[in-house]
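Using the sequences provided together with the hints, build the complete structure.
Going line by line, the protein sequences match chains A and B. Be aware that the first sequence starts at 139, since it is given in this note's numbering, and climbs by one per residue. Be aware that the second sequence starts at 139, since it is given in this note's numbering, and climbs by one per residue.
Hints were generated in silico from the structure; no laboratory data involved. Any given hint could be a false lead.
Heads up, the list lumps identical chains together, so a pair's fine if it works in one copy or across two of them.
[Said to hold, decoys possible] SDA-like cross-link-like pairs, simulated, lysine to any residue; straight-line CA separation at most 20 Å: (1) K303 - D467; (2) K303 - S377; (3) K303 - V500; (4) K303 - S356; (5) K303 - D375; (6) K303 - R150; (7) K286 - R308; (8) K419 - G197; (9) K303 - K419; (10) K303 - V253; (11) K286 - D375; (12) K419 - R438; (13) K419 - S530; (14) K419 - G357; (15) K303 - F428; (16) K286 - H425; (17) K303 - S497; (18) K419 - V443; (19) K419 - P440; (20) K286 - I252; (21) K286 - N251.
The structure displayed is predicted, hence computed values, not measured ones.
Protein chains: 2
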Amino acid sequence: MNDPALTASSHRRIRQSNEVAALRALHQFGRLSRAELARKLRLNRSSSGHIIASLTADGLVREAIEDSPEQPGYARVGRPGIMLELVPDAIFFLGVEIGVEHISTVEIDLGTNIVSTNVEPFDGPSISVEAAVDRAVNMALQSIPASKLERCEGFGVSTPAQMDKHGLVRLAPLLGWRNVHLAELVRNALPLRVPVLAENDANAFAIGATYGRSEVHSGVTLFLVMESGIGGGIIIDGSLFRGANGLAGEIGHLIISDAPGPRRNLEQLIGLENIMGEYRKTSTLDHPTFGNFLADVQDRLPSAVSIAEQWAKALAMGLVQACRIIDADQIVLGGSVAALYPLMAARVAAHIHATQESSFPVPSITVNDEGTVGSAFGAACMLHQRYLSLESQRFAGEAAELEEPEEDEG
Amino acid sequence: MNDPALTASSHRRIRQSNEVAALRALHQFGRLSRAELARKLRLNRSSSGHIIASLTADGLVREAIEDSPEQPGYARVGRPGIMLELVPDAIFFLGVEIGVEHISTVEIDLGTNIVSTNVEPFDGPSISVEAAVDRAVNMALQSIPASKLERCEGFGVSTPAQMDKHGLVRLAPLLGWRNVHLAELVRNALPLRVPVLAENDANAFAIGATYGRSEVHSGVTLFLVMESGIGGGIIIDGSLFRGANGLAGEIGHLIISDAPGPRRNLEQLIGLENIMGEYRKTSTLDHPTFGNFLADVQDRLPSAVSIAEQWAKALAMGLVQACRIIDADQIVLGGSVAALYPLMAARVAAHIHATQESSFPVPSITVNDEGTVGSAFGAACMLHQRYLSLESQRFAGEAAELEEPEEDEG
DNA sequence: GGTGTTTGTAGTTTAATGCAACATATTAAC
DNA sequence: GTTAATATGTTGCATTAAACTACAAACACC
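Structure (structure tokens):
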């Protein structure tokens with residue numbers, strides 16, 4: 139009932155908030171001295187020292203061994219600071235992606251470095267939620283020695299589903315799930331008591347691709363994951379915009395009716411299925427792959443180029459429509475189909491210019507080539523992000539006493 | 139260069155933040171006792187007392203005279219609290235809308251009550267920016283006695299233009315402006331040194347329509363202002379989402395190509411011009427008005443109903459497309475054309491259901507009927523909002539010493 | 001080697017919240 | 001009508017964490 143924005147700060151909260159800010163700064167900038175940290179946080183040098191002392195005592199921060207390659211450029215005058223860094227293996231986070239055809243798991247450390255990954259084929263539609271969760275949890279934990287387990291500080295799940303922010307899945311058409319509390323199931327399946335979050339796979343992908351970059355892009359980034367389906371995620375000023383039902387950015391269902399034929403949505407126009415369907419009609423190969431198609435486009439084979447041209451046009455149309463609503467200044471393409479974009483960038487740009495009114499700014503478009511674990515990595519990052527925030531369970535002692543009953547007055 | 143999110147809290151900041159939180163709580167809930175406030179802010183009763191004491195000393199808060207109509211419902215036991223309230227006329231804010239055909243001004247007080255308004259016809263396209271600003275400033279100030287002037291704490295401007303968050307106008311096609319620093323011009327034209335903000339008119343309208351409601355809607359609201367042009371604003375969890383260039387929600391430029399004929403955008407399909415253009419073709423009147431059209435629709439005159447039907451279809455299409463991207467759960471229609479919606483609500487709903495896949499949630503649609511000063515009111519609210527925040531100039535003593543030069547390390 | 005500059009630390013001060021106790025105002029109960 | 005119960009507002013004191021001041025240490029430059 140209380141607005142979180144209204145909550146006041148007590149003394150402990152200040153310290154917590156400052157410790158969190160220090161951890162975030164160290165994560166973002168890599169290495170900082172106490173004095174540099176103090177400047178970034180607008181704190182007094184001595185306060186910075188105190189905060190670092192308590193973080194060091196907790197084992198989260200340490201003084202870096204002096205192997206830093208003597209940062210080039212201008213020489214600094216005065217006593218050099220002692221560089222501080224996060225202790226990467228102080229804690230770790232796990233992320234899993236329960237996909238339609240595979241399950242991926244990722245372990246990341248406090249520095250959001252990928253420690254290990256694991257991908258296994260999986261037949262999503264034929265397996266129950268409970269079994270899928272069991273499988274995913276086991277995969278994620280199998281390589282972790284028991285002694286290390288207690289240093290786990292969070293478990294994230296991503297899956298192609300509409301879900302609310304509490305991890306309650308409304309619908310997962312590709313997996314046949316409906317109204318299952320995924321986060322709850324994972325919590326129960328885990329042999330540990332750690333924070334658990336669940337998120338749509340495209341949203342998780344978007345988080346993973348933007349999280350931990352030293353420059354937080356302050357603007358609007360539209361993230362597109364193009365495989366058979368077209369997923370999308372929106373990042374505003376560095377943090378995920380879920381929308382009212384976690385469906386924000388689901389651009390695949392935009393209706394693009396400029397195309398000839400019956401009304402089709404963007405997914406049906408630029409997804410892998412459509413490309414390969416068209417390509418099979420013209421290819422001379424028995425079992426043409428997307429790689430063959432790319433090669434043909436590169437070789438300027440007219441039939442392939444024509445398919446690619448239709449793709450570029452539909453993509454441009456979709457992006458323009460999306461930008462009219464969210465006014466993105468940055469678009470990042472991911473997924474296997476994104477490999478087509480570099481070949482067609484000029485055509486896409488031409489279609490964008492032709493489609494939208496000239497007074498509108500044109501967003502930058504880039505291709506992101508994470509591996510197949512991007513979504514699982516993003517799920518793990520969500521928990522890293524949470525750990526480096528005031529909702530962190532480091533401060534559970536305070537947070538636990540929330541939710542006391544309270545009467546409202548008319 | 140510093141992330142604001144990273145900035146640490148010092149002692150003064152705590153008090154500031156708590157005073158701000160107290161003011162916001164009083165604004166949101168109207169009247170609270172010290173003890174109620176303490177609960178809302180999760181503070182100790184005594185701390186709440188201290189904060190109120192200092193706000194009272196500043197003249198911003200007072201104990202309410204006991205004319206409260208004895209709140210009904212359950213009787214409370216124990217000593218009743220002394221109700222506190224904002225002092226409405228402690229300070230005031232001004233908002234102006236520089237429109238294409240009129241200039242509106244609004245004065246609001248600390249309780250966001252409208253104290254006075256003023257609307258004058260205006261021929262935007264034929265007047266220079268400087269002259270328009272002068273005119274607007276003079277209109278806003280004319281009714282304010284000099285003695286009261288120093289209690290002004292902010293001046294907001296709204297205008298149909300693309301502008302960044304600093305009030306730099308990129309383009310205002312309807313007014314013929316390009317690359318003018320509107321906020322700067324207003325600052326210079328004002329005889330006072332007060333915070334000045336400029337915002338797109340649709341965005342300002344959206345702020346005005348949602349600000350100060352006691353229940354902050356935590357979700358996504360899409361706001362449509364339908365006149366000749368179609369403006370739009372998006373409110374996320376109670377605060378405006380501008381997009382990268384302040385163009386978020388400019389849904390009027392969505393391309394709706396399902397409609398017969400050449401490719402047209404939403405504005406051309408559901409704007410006043412199109413409706414009246416079509417209506418004139420069929421109406422028997424010499425100078426038919428929009429009111430005539432509404433009456434004809436209400437009377438089920440086939441020619442008018444057919445126009446309205448096309449309108450409903452295009453509107454539904456636009457809303458569905460927008461919701462695929464921002465996942466709004468609430469849509470608010472404003473502007474004169476919104477009066478058509480109640481007559482066509484069922485048709486719009488039918489088209490929405492026909493257009494979008496059944497698995498997607500359907501947003502609620504409501505009509506907002508603010509007067510013509512909605513946008514100017516919103517501009518004033520922006521400054522009220524700013525005053526009740528940590529960026530407030532009440533704390534300028536601290537904020538002034540920001541922006542010291544700082545070197546980055548590679 | 002001296003000077004100047006920046007860093008890290010220790011001791012002291014300041015400010016704001018938390019806590020506990022108490023007077024006060026009202027309802028409920030006898 | 002008196003007493004008990006309950007919640008409010010206030011007061012003095014304790015606690016906490018950051019700011020401030022001063023100083024020794026480490027390095028660059030002359």
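Structure-based check of all given hints:
no.: 1; hint: K303 - D467; result: between (26 Å within a copy, 15 Å between copies)
no.: 2; hint: K303 - S377; result: both (14 Å within a copy, 19 Å between copies)
no.: 3; hint: K303 - V500; result: between (32 Å within a copy, 18 Å between copies)
no.: 4; hint: K303 - S356; result: between (23 Å within a copy, 12 Å between copies)
no.: 5; hint: K303 - D375; result: both (19 Å within a copy, 14 Å between copies)
no.: 6; hint: K303 - R150; result: neither (28 Å within a copy, 35 Å between copies)
no.: 7; hint: K286 - R308; result: neither (35 Å within a copy, 55 Å between copies)
no.: 8; hint: K419 - G197; result: neither (61 Å within a copy, 78 Å between copies)
no.: 9; hint: K303 - K419; result: neither (43 Å within a copy, 51 Å between copies)
no.: 10; hint: K303 - V253; result: neither (27 Å within a copy, 41 Å between copies)
no.: 11; hint: K286 - D375; result: neither (35 Å within a copy, 39 Å between copies)
no.: 12; hint: K419 - R438; result: within (17 Å within a copy, 51 Å between copies)
no.: 13; hint: K419 - S530; result: neither (54 Å within a copy, 64 Å between copies)
no.: 14; hint: K419 - G357; result: neither (42 Å within a copy, 46 Å between copies)
no.: 15; hint: K303 - F428; result: neither (35 Å within a copy, 44 Å between copies)
no.: 16; hint: K286 - H425; result: neither (46 Å within a copy, 81 Å between copies)
no.: 17; hint: K303 - S497; result: between (37 Å within a copy, 18 Å between copies)
no.: 18; hint: K419 - V443; result: within (14 Å within a copy, 46 Å between copies)
no.: 19; hint: K419 - P440; result: within (13 Å within a copy, 48 Å between copies)
no.: 20; hint: K286 - I252; result: within (16 Å within a copy, 62 Å between copies)
no.: 21; hint: K286 - N251; result: within (17 Å within a copy, 59 Å between copies)
Hints 6, 7, 8, 9, 10, 11, 13, 14, 15, 16 from the list above are not met by this structure, while the remaining hints are.
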